[in-house]
Amino acid sequence: GAVVSQHPSRVICKSGTSVKIECRSLDFQATTMFWYRQFPKQSLMLMATSNEGSKATYEQGVEKDKFLINHASLTLSTLTVTSAHPEDSSFYICSAPKGGAFGTGELFFGEGSRLTVL
Amino acid sequence: AQSVTQLGSHVSVSEGALVLLRCNYSSSVPPYLFWYVQYPNQGLQLLLKYTSAATLVKGINGFEAEFKKSETSFHLTKPSAHMSDAAEYFCAVSDGGGGNKLTFGTGTQLKVEL
Numbered sequence: 443g444a445v446v447s448q449h450p451s452r453v454i455c456k457s458g459t460s461v462k463i464e465c466r467s468l469d470f471q472a473t474t475m476f477w478y479r480q481f482p483k484q485s486l487m488l489m490a491t492s493n494e495g496s497k498a499t500y501e502q503g504v505e506k507d508k509f510l511i512n513h514a515s516l517t518l519s520t521l522t523v524t525s526a527h528p529e530d531s532s533f534y535i536c537s538a539p540k541g542g543a544f545g546t547g548e549l550f551f552g553e554g555s556r557l558t559v560l
Numbered sequence: 003a004q005s006v007t008q009l010g011s012h013v014s015v016s017e018g019a020l021v022l023l024r025c026n027y028s029s030s031v032p033p034y035l036f037w038y039v040q041y042p043n044q045g046l047q048l049l050l051k052y053t054s055a056a057t058l059v060k061g062i063n064g065f066e067a068e069f070k071k072s073e074t075s076f077h078l079t080k081p082s083a084h085m086s087d088a089a090e091y092f093c094a095v096s097d098g099g100g101g102n103k104l105t106f107g108t109g110t111q112l113k114v115e116l
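Going down the list, the protein sequences come from chains A and B.
When we follow our numbering, the leftmost residue of the first sequence carries the number 443, and every step to the right adds one.
When we follow our numbering, the leftmost residue of the second sequence carries the number 3, and every step to the right adds one.
No wet-lab data here; the hints were simulated from the structure.
All of these numbers come straight from a predicted model, not from anything done at the bench.
Quick reminder that beta carbons are idealized off the backbone N, C-alpha and C, glycines included.
Check before you lean on any hint, since a few could be wrong.
Stated by the list, open to error - Quick list of simulated restraints, FRET-style, between CB atoms: (1) A:471 x B:71: 32 to 40 Å; (2) B:70 x A:524: 44 to 52 Å; (3) B:32 x A:496: 24 to 32 Å; (4) B:71 x A:454: 40 to 48 Å; (5) B:73 x A:481: 27 to 35 Å; (6) A:471 x B:47: 15 to 23 Å; (7) B:11 x A:471: 33 to 41 Å.
I would like the entire structure built from these sequences, with the hints used as guidance.
Structure, rendered in structure tokens:
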């Protein structure tokens with residue numbers, strides 16, 4: 443069974459609205475979670491690292507005011523796309539390392555959330 | 003900076019045939035390398051990983067990959083394809099010491115035909 447779960451799996455919203463995507467680790471605590479974005483036929487691009495109890499670390503070129511990340515608990519991180527526009531339409535994927543933030547990179551991935559902004 | 007190149011966005015094989023998915027990496031430090039598989043409407047699953055131990059790595063579902071430093075490659079193979087292997091496969095690299103930040107390739111869609 444899935445150890446990392448995302449919700450919703452699909453969301454359609456109007457331009458200018460905000461959308462929240464949740465990422466939960468189901469059977470382990472995750473002090474760190476990663477948020478990726480995947481465009482059609484392209485690779486996963488790391489957007490930010492979500493840290494429980496502190497601010498998220500954003501990758502270069504990612505607007506932190508646009509993509510708000512909150513690591514509310516040891517099992518939950520949320521990504522909020524604020525004032526969404528059609529160019530924000532994408533597949534958003536979260537992941538969490540079960541053995542802690544530093545290790546050999548074995549991540550557990552959520553099922554992904556497909557955002558469509560009209 | 004690290005990068006991964008996957009040659010061939012689509013690969014088609016016959017059931018029972020050899021599967022070969024190519025991955026070349028670029029890294030300024032000894033890399034950790036991974037192959038993930040993504041089935042439709044599912045999250046990525048780890049197939050196998052190389053973390054500087056044995057260069058031939060065996061993974062789940064009969065897949066294996068060989069780390070070749072001289073060729074900067076980490077190709078994924080399976081001797082005999084099964085219909086259930088049809089999925090998208092991603093090669094990824096991390097620097098190992100920096101945590102779990104992965105750089106992914108663009109993916110290869112594997113199609114298995116009867």
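Identify every previously stated hint that the structure contradicts and give their numbers, smallest first. Of the numbered hints given earlier, the structure breaks none, since each of them holds.
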